[in-house]
Structures are given as structure tokens and as C-alpha cells.
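Single-letter residue listing:
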Amino acid sequence: MNVLVCVKRVPATGSRITLTEDELHIDTKHLGFTVSPHEECAVEESVRLVEALGGTSVVLTLGPEAAVEQLQDALAIGIERAILLESDADGWDAAATANAIVEAVREEEMAGATFDLLLFGNEAADSGEYQVGVRVAHALGLPCVTGVKAIEVLGEALTARREAVGGSEVFEVPLPAVVTVKEGINLPRFASVPGRIKAKKKEVARRQPAPPAPLVETIRLRVPPEQRSEVQVLGHGPEAAPAVVDVLERLGMVAR
Amino acid sequence: MNLVLVEHEAGIIAGASLEALSFARGLGAPVHGVAFGEGGASALEAAGAHGAVAGTHVTIDGGYAAAAWAQAIADLAAAAAPAAVVAAGTDRGNELLAHLGAKASAPFVANCIAAEQGADGWSLTRQRWGGSLLEDAIVRRPLVLLSVALHAVTPEPAPAAAEFEVDEVAPVVAPEDLSARATRVETAAAGARSLGGAPLVVGGGRGVGSAEGFATLDVFAAALDGVVGVSRAVTSAGWRPHAQQIGQTGERIGADLYIACGISGASQHMVGCRGAKKLLAINTDPDAPILARADYAVIGDLHQVVPAILAELQRRRG
Chain A
6 MNVLVCVKRV PATGSRITLT EDELHIDTKH LGFTVSPHEE CAVEESVRLV EALGGTSVVL
66 TLGPEAAVEQ LQDALAIGIE RAILLESDAD GWDAAATANA IVEAVREEEM AGATFDLLLF
126 GNEAADSGEY QVGVRVAHAL GLPCVTGVKA IEVLGEALTA RREAVGGSEV FEVPLPAVVT
186 VKEGINLPRF ASVPGRIKAK KKEVARRQPA PPAPLVETIR LRVPPEQRSE VQVLGHGPEA
246 APAVVDVLER LGMVAR
Chain B
84 MNLVLVEHEA GIIAGASLEA LSFARGLGAP VHGVAFGEGG ASALEAAGAH GAVAGTHVTI
144 DGGYAAAAWA QAIADLAAAA APAAVVAAGT DRGNELLAHL GAKASAPFVA NCIAAEQGAD
204 GWSLTRQRWG GSLLEDAIVR RPLVLLSVAL HAVTPEPAPA AAEFEVDEVA PVVAPEDLSA
264 RATRVETAAA GARSLGGAPL VVGGGRGVGS AEGFATLDVF AAALDGVVGV SRAVTSAGWR
324 PHAQQIGQTG ERIGADLYIA CGISGASQHM VGCRGAKKLL AINTDPDAPI LARADYAVIG
384 DLHQVVPAIL AELQRRRG
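Protein chains in written order, with the numbering used here: chain A, 6 to 261; chain B, 84 to 401.
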């Protein structure tokens, strides 16, 4: 079972987002970086599948040199090697990103590395475009299941389960395949100190993708007007209880 | 004209699709609905009362296959040359437009809140970070695929067209479009309460302190006939299953009242509870960001405040 898992470096935003002066980026001066929770789970799932079935796991990202940090997070929990598609440029919309990943997968294949499974997060935390995995699947002629909450591999086929309106849907697809996962498919492990040390020695291959030709051009980012509310403090500590129950009654939440 | 995906459950049109229809009407061109599967024709009739002037009902035998459905929409788009294909920003809407975008080499812009077609192309505003940030973008292509952010548009009924016609089509599906199809659909156990549809949600965050600490909130939720939801800190710690998570990577709630206990209010969490009509925050920190979004607040430790509320409820019920 050879797995390729794709991740994206994004700022770890807190309760408020501030923008740079050109209004094209988030001001990250005081922020750390991470990947989407969905992608953390995709990385964990890759490690588990290879632990259970043998084979190799590779993590790929497209981004600046600093994104090596996110690759090393994945290497530290057991992914074997990493690919960085180096680019500092803007303009990587979903279609351009998918093209670069497809190109990288084809180069890997020419170098003798084939993948049974390509894993993605269902959508990136920042841009939330819901389509990179699907576009990669179509370009490579592979079946694709999105929003997956459970994976089981039996021989040459994969069973994927996802939540649907009023229950769940089960898909059985032949391998190789593309699967995009959602947080909740597993509980990702934390990297150990030896894992972090080992990660530093693992291979990070660098490639230069062709410049992006985006279909969607970002003009600017905006922070939406804050939905501030007028908060009514009902009290401090247990003494607030009668005032809380008054509110519950007023809102019709308890039978009077 | 523009195509709009009409989602439905056994013929009952989805609320999100009514929002998508209202959004599409605002784009100016006549709206043509597309619905799939059994009950699709009656869902299209409902779309007719929300501004669709015609509809196509597509029947593809067997389980749901995103690529096959997307190909059917691609065929309609090839014949009718719409400027836009619009869907609700649901899991299914986003998935189908992603497949259609790949098949038609067309731009798919997810979770839009505004769109306008000008001489220069489409000017769009979309949500990033689950809606914590907006992006203005431009697309210079003859065809754009748009999903409409949930709860961003109020559905407005429209006078029905004098002659609303529904075309029936049953396309021949290529085998490669069936390589990923739902082979089984399992319905949730009867009585299972969904977080998204619950009128009252009691939320617990890091401030709950432990898995055992949730006993108080379970009793509180039961006393108010509500459902327990949690923040990401709680599921990451393994205190509660992910199915109970509210937020950008969990559930979106639309409760009449959300009681957030020991939750500081990171933007990723607030994205999930923005749909709640009233918010009561119980927090030890008077400066917690959640208070800026709350209607009511109690400053204090939930482990003292919640038992006191339960005792007061008990007292009043006699």
C-alpha cells in the first residue's frame, strides 16, 4: 500500500484575523503555522494504513521553503519521505494546485514510485475550495470519494464511509483511488521526540512546478463586519442561576 | 440562462437549494433547475415557486455517483450554454461542482455570498476560513460554477412561470463515471438526535477539564431536552467523539439557544455556532472572545454555575 498524502501550510489563526496592508494576505507576524485538521487526519490515516498493510507513505505540499515545517510534522509521526513543490508565488488557485500535484505524481511514476492511494483533506482550512482532490482524480483517471470518515482496504479495493443526510453512504472503489477525508476519521497521534529527531534525517525532495495559470484571480481579502452583540451579564458564579433560569423561561426553553 | 442544482429528500426541496435559487435569480438570467432521482420532479415544481422557469429531471439508475451526476449536468450545460451553474454550498453541491469543474475545465468558486457578471467577467465574493474572512475574486471565463454559502441568502418565493415544464432525461452513463458510487446507504438509528437540527445545544470546551467533567453538561442538556456539542479542544483531547464537534471542521448548529460552557470562542468554533439565534456563555474569563458574540453571560466556573442552574430549575419545578 503506497500512499501519497497532500497537505497545505496555513496560519494558525486565533479569534481575530488581521490582514497585510495590500489586503492580499493574512498578517502572520505573530502567528504560527499548521495544516487543516482534515489534513492532519489524512496524514495519520496514511501512517496507519502503511503500518497495517506495509508499503510506503509520502507527504507532498506546494508552498514556500518554510512549508518544510509542515512536511516535517508529517515525517515525525511516521511518513517516510516528503516532496516540496517550491513556490513563493500567489495565484495557486485550486485548479493550478491540482495541475502541479498531477505533474508531480507523474514524475514520481516515471521515477518508479507508484501510489495506490492519494489522500487529501476534504477542504483546506484557509481557502476552502473543496476541489483539489477531485481535480487530481479526474486528471489521473482515478475514482474519487470525498468527505470520508472511515477507510478499510481489502486487497485491491477500498471501502469508504461518509456521513450523508440522515445516515451514511458506503463506497467500494478499486485501487488506485483518490480519497478526501474529514476530521473525525481518526484521532491523530502526537509526534514523539525520537520521531522529531528521525524526521530531520528523512528526505525532502524539492521540485519547481510550472508557474500557476489560475482560473480564479483574488482581488483582495476582507474581514467581514464583526457580528458583535450587546452582552447582558446575568451575574457572577452560582448566584447567577435564578437570572439564567429567568432567561431560559423567557426563551421558552423550560416548561413553566 | 443559468443552471441551478435542486437538492431534495424524497421530493422535498432542501432549504439550502431555496437559498441557491434566490441567489441565482439575483444573477439576472432565467433560472433552469436540475434535480436527480426519485422525487426530483416534485422538487422542481417547488423550485418553480422560487423562480425557476423550467426544469430537467435526471434519472440515473443505481446509487449516487458524483462523476455520473456531474456528467449529466455537463451535458445540459453543453446544450444550453449557461453563464453559471449554481448549487448550494452543501457537501453534495460542492462535490458535484468540483467534479463538473474538473470535467469541463471550468472554474469552481465555492461558498459565494455575492456574484455579478460584468464586461470583464464575473466579480465574486466568497467565504474563506469558514466565513471568518471574505475574498473578492474575478473570473474571466465564459462558464463559472458557483456554490452559495449556507445561510448567506434569505430564500424568497417568486411568481411561478405560466408554463413550468419539466424535461425528463435518462442519460447513458460511461463506466468510468461509475467507478465511485454509493453501494450502500445506511440510515441513522431512530431517535438519534442531530446536533445541526437541535433547538437547544449545550456546548462544552476546554474549561470542562476532563471527560468525566462532561457528566454535569450531560445532565444539564437532558434537563433542557437539548443536545451536547463540544469544541475542537475536547475532541482532540479524546474526551468526546468527533461527531459532537461544533465548528469549521465539525457541525454547524442552528439552535434557538446555544449555551457555551468553558469555551473561549476561537473563530473556527464561532463559524460552527454562527447560526444559533441566542448565545449564553458561561466562562471564568470576562475577556474571553466568545463574550463579544454572546447575548447573555455568566462569569464563573461552569462546574459551580451549572449545578446551581440545575438546582434552581428543580426548585421552580417543585
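Simulated from the structure, these hints should not be mistaken for laboratory data.
One or more of the hints may lead you astray.
Computed cross-link-like contacts, SDA-like style, restricted to lysine to any residue with a CA-CA straight-line distance of at most 25 Å [unchecked claim]:
id	chain 1	residue 1	chain 2	residue 2
1	B	Lys361	A	Gly242
2	B	Lys361	A	His241
3	A	Lys154	B	Ala187
4	B	Lys360	A	Pro229
5	A	Lys154	B	Ala320
6	A	Lys154	B	Leu217
7	A	Lys154	B	Ala265
8	A	Lys154	B	Leu393
9	A	Lys154	B	Ala391
10	B	Lys360	A	Gln232
11	B	Lys360	A	Met258
12	B	Lys361	A	Gly240
13	A	Lys154	B	Gly145
14	B	Lys186	A	Pro229
15	A	Lys154	B	Leu233
16	B	Lys361	A	Val236
17	A	Lys154	B	Val268
18	A	Lys154	B	Glu259
19	B	Lys360	B	Leu393
20	B	Lys360	A	Pro181
21	B	Lys360	A	Gln237
22	B	Lys360	A	Leu58
23	B	Lys361	A	Thr223
24	A	Lys154	B	Ser262
25	A	Lys207	A	Gly96
26	B	Lys361	A	Arg255
27	B	Lys186	A	Leu220
28	B	Lys361	A	Asp251
29	B	Lys361	A	Pro229
30	A	Lys154	B	Lys361
31	A	Lys34	B	Ala271
32	A	Lys206	B	Ala243
33	B	Lys360	A	Lys154
34	B	Lys360	A	Val238
35	B	Lys186	A	Thr223
36	B	Lys186	A	Gln232
37	B	Lys360	A	Val170
Consistency of the hints with the structure:
1. With a C-alpha separation of about 21 Å, the suggested pair lysine 361/B and glycine 242/A falls inside the 25 Å cut-off, and the hint holds.
2. Taken as a hint, the lysine 361/B and histidine 241/A pair is honoured in the structure, with Cα atoms around 20 Å apart against an allowance of 25 Å.
3. Restraint check for lysine 154/A and alanine 187/B: not satisfied, since their Cα atoms lie roughly 28 Å apart, outside the 25 Å limit.
4. At roughly 19 Å between alpha-carbon atoms, lysine 360/B and proline 229/A fall within 25 Å of each other, so this suggested pair holds.
5. Taking the CA atoms of lysine 154/A and alanine 320/B, the gap is about 19 Å. The hint holds against a cut of 25 Å.
6. For the hint pairing lysine 154/A with leucine 217/B, the CA-to-CA distance comes to about 28 Å; that exceeds 25 Å, so the pair is violated.
7. For the given pair, lysine 154/A sits about 14 Å from alanine 265/B by alpha-carbon distance, which is consistent with the 25 Å threshold.
8. As the CA atoms of lysine 154/A and leucine 393/B are separated by approximately 36 Å, the hinted pair breaks the 25 Å bound.
9. Under the criterion of a C-alpha separation no larger than 25 Å, the hint pairing lysine 154/A with alanine 391/B is inconsistent with the structure, at around 39 Å.
10. A hinted pair counts as satisfied when its Cα atoms are at most 25 Å apart, and lysine 360/B with glutamine 232/A qualifies at roughly 12 Å.
11. Proximity of lysine 360/B to methionine 258/A is assessed by CA-CA distance (about 13 Å); at most 25 Å being required, the pair is judged to hold.
12. Distance restraint check for lysine 361/B and glycine 240/A: the Cα-Cα separation of roughly 17 Å lies within the 25 Å cut-off, and the hinted pair is therefore satisfied.
13. The suggested pairing of lysine 154/A with glycine 145/B holds, with an alpha-carbon distance near 23 Å, which does not exceed 25 Å.
14. Under the criterion of a C-alpha separation no larger than 25 Å, the hint pairing lysine 186/B with proline 229/A is inconsistent with the structure, at around 33 Å.
15. At roughly 22 Å between alpha-carbon atoms, lysine 154/A and leucine 233/B fall within 25 Å of each other, so this suggested pair holds.
16. Proximity of lysine 361/B to valine 236/A is assessed by CA-CA distance (about 11 Å); at most 25 Å being required, the pair is judged to hold.
17. Proposed proximity of lysine 154/A and valine 268/B is supported: the alpha carbons are some 14 Å apart, at most 25 Å.
18. The straight-line distance between the Cα atoms of lysine 154/A and glutamate 259/B is roughly 24 Å, inside the 25 Å bound, and the hint therefore holds.
19. Pair hint lysine 360/B plus leucine 393/B holds up; C-alpha atoms about 23 Å apart against a cutoff of 25 Å.
20. Between the alpha carbons of lysine 360/B and proline 181/A the distance comes to roughly 45 Å, so the proposed pair goes past 25 Å and is violated.
21. Using a Cα cut-off of 25 Å, the hinted pair lysine 360/B and glutamine 237/A holds, with the two alpha carbons roughly 15 Å apart.
22. Restraint check: the Cα-Cα separation between lysine 360/B and leucine 58/A comes to about 48 Å, which exceeds 25 Å; the hinted pair is violated.
23. Taking the CA atoms of lysine 361/B and threonine 223/A, the gap is about 35 Å. The hint is violated against a cut of 25 Å.
24. Of the pairs offered as hints, the one joining lysine 154/A and serine 262/B holds, with about 19 Å between alpha carbons and a cut-off of 25 Å not exceeded.
25. With a CA separation close to 30 Å, the supplied pair lysine 207/A and glycine 96/A exceeds the 25 Å bound.
26. Under the criterion of a C-alpha separation no larger than 25 Å, the hint pairing lysine 361/B with arginine 255/A is consistent with the structure, at around 12 Å.
27. Note on lysine 186/B and leucine 220/A: the hinted pairing holds, with a Cα-Cα distance of about 14 Å set against a maximum of 25 Å.
28. Note on lysine 361/B and aspartate 251/A: the hinted pairing holds, with a Cα-Cα distance of about 14 Å set against a maximum of 25 Å.
29. Our distance criterion of 25 Å between C-alpha atoms is met by lysine 361/B and proline 229/A, whose separation comes to about 20 Å.
30. Between lysine 154/A and lysine 361/B the alpha-carbon distance is near 31 Å, which puts this suggested pair outside the 25 Å criterion.
31. Using a Cα cut-off of 25 Å, the hinted pair lysine 34/A and alanine 271/B is violated, with the two alpha carbons roughly 46 Å apart.
32. Among the hinted pairs, lysine 206/A with alanine 243/B is inconsistent with the structure: their alpha-carbon atoms are about 67 Å apart, more than 25 Å.
33. Note on lysine 360/B and lysine 154/A: the hinted pairing is violated, with a Cα-Cα distance of about 29 Å set against a maximum of 25 Å.
34. A C-alpha spacing of about 17 Å is found between lysine 360/B and valine 238/A, which places the hinted pair at or below 25 Å, so the restraint holds.
35. The suggested pairing of lysine 186/B with threonine 223/A holds, with an alpha-carbon distance near 23 Å, which does not exceed 25 Å.
36. A distance of roughly 39 Å separates the Cα atoms of lysine 186/B and glutamine 232/A; the hinted pair therefore is violated under the 25 Å criterion.
37. Among the hinted pairs, lysine 360/B with valine 170/A is consistent with the structure: their alpha-carbon atoms are about 23 Å apart, no more than 25 Å.
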